[in-house]
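Its first residue numbered 557, the sequence shown is counted upward by one per residue in this note's numbering.
A hint or two may mislead.
[As the list claims (entries may be wrong)] Label pairs and their computed distance ranges (CB to CB): (1) Phe610 / Thr635: 30 to 36 Å; (2) Arg698 / Ala632: 21 to 27 Å; (3) Gly702 / Asp670: 16 to 22 Å; (4) Pro566 / Ala696: 20 to 26 Å; (5) Ala632 / Ala696: 36 to 42 Å.
[Stated by the list, open to error] Below are the DSSO-like pairs computed for lysine-lysine, each with C-alpha atoms no more than 27 Å apart in a straight line: (6) Lys653 / Lys676; (7) Lys653 / Lys607; (8) Lys676 / Lys607; (9) Lys607 / Lys656.
Source of the hints: derived by calculation from the structure; they are not laboratory data.
C-beta atoms are modelled at their ideal positions from N, C-alpha and C, and glycine is treated no differently.
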Amino acid sequence: MATAFPSLVPFLSPQRVLVLAGSPNKRTVLLELGDAVADAREVGDRTAYLKALFDREDVTSTGIGGGIAVPHAQMATITGFAIGIALVPAGCDFNAKDGKPVRVVVMIAAPEGDRPTYLKVLAAVAGRLSRPDVLAAMLAARDAHGVVAAFGG
Numbered sequence: 557m558a559t560a561f562p563s564l565v566p567f568l569s570p571q572r573v574l575v576l577a578g579s580p581n582k583r584t585v586l587l588e589l590g591d592a593v594a595d596a597r598e599v600g601d602r603t604a605y606l607k608a609l610f611d612r613e614d615v616t617s618t619g620i621g622g623g624i625a626v627p628h629a630q631m632a633t634i635t636g637f638a639i640g641i642a643l644v645p646a647g648c649d650f651n652a653k654d655g656k657p658v659r660v661v662v663m664i665a666a667p668e669g670d671r672p673t674y675l676k677v678l679a680a681v682a683g684r685l686s687r688p689d690v691l692a693a694m695l696a697a698r699d700a701h702g703v704v705a706a707f708g709g
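Whenever a hint applies, use it, and build me the whole structure from the sequences.
Here you go:
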């Protein structure tokens, strides 16, 4: 019996979808999207969340290749999952594993203590992002609601 992945829709909000003009650097993308995700009531401590994101990036880049990055952090003060999305049409050097610029960034805030759900959410995000039709629909979306619809399925 296959493990059911959670729906990502409850964790998404059009208010946490950004389209970043130009070629922002990795730090700018993390700060801007991190601020948007930290606005979710589930996150709580903005400063601690941003620090956790940067600490995670210091260990290894979350640029997974194929123009995608999935920065994520777990914290005890986070009470539920929150996802934010940044589209960077011109690309961003995220020190990705394949060396290619990142155009889609999906950021995850997660509570500590529920590792099985955390891994399922990461797997569901990776599954959505592995589909070329989903990526194309996200990048072609006319507004934040379209991005959420394309990504959330």
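Tested hints:
no., hint, in the structure
1, Phe610 / Thr635: 30 to 36 Å, "violated, 22 Å"
2, Arg698 / Ala632: 21 to 27 Å, "violated, 38 Å"
3, Gly702 / Asp670: 16 to 22 Å, "violated, 30 Å"
4, Pro566 / Ala696: 20 to 26 Å, "holds, 24 Å"
5, Ala632 / Ala696: 36 to 42 Å, "holds, 38 Å"
6, Lys653 / Lys676, "holds, 22 Å"
7, Lys653 / Lys607, "holds, 22 Å"
8, Lys676 / Lys607, "holds, 24 Å"
9, Lys607 / Lys656, "holds, 25 Å"
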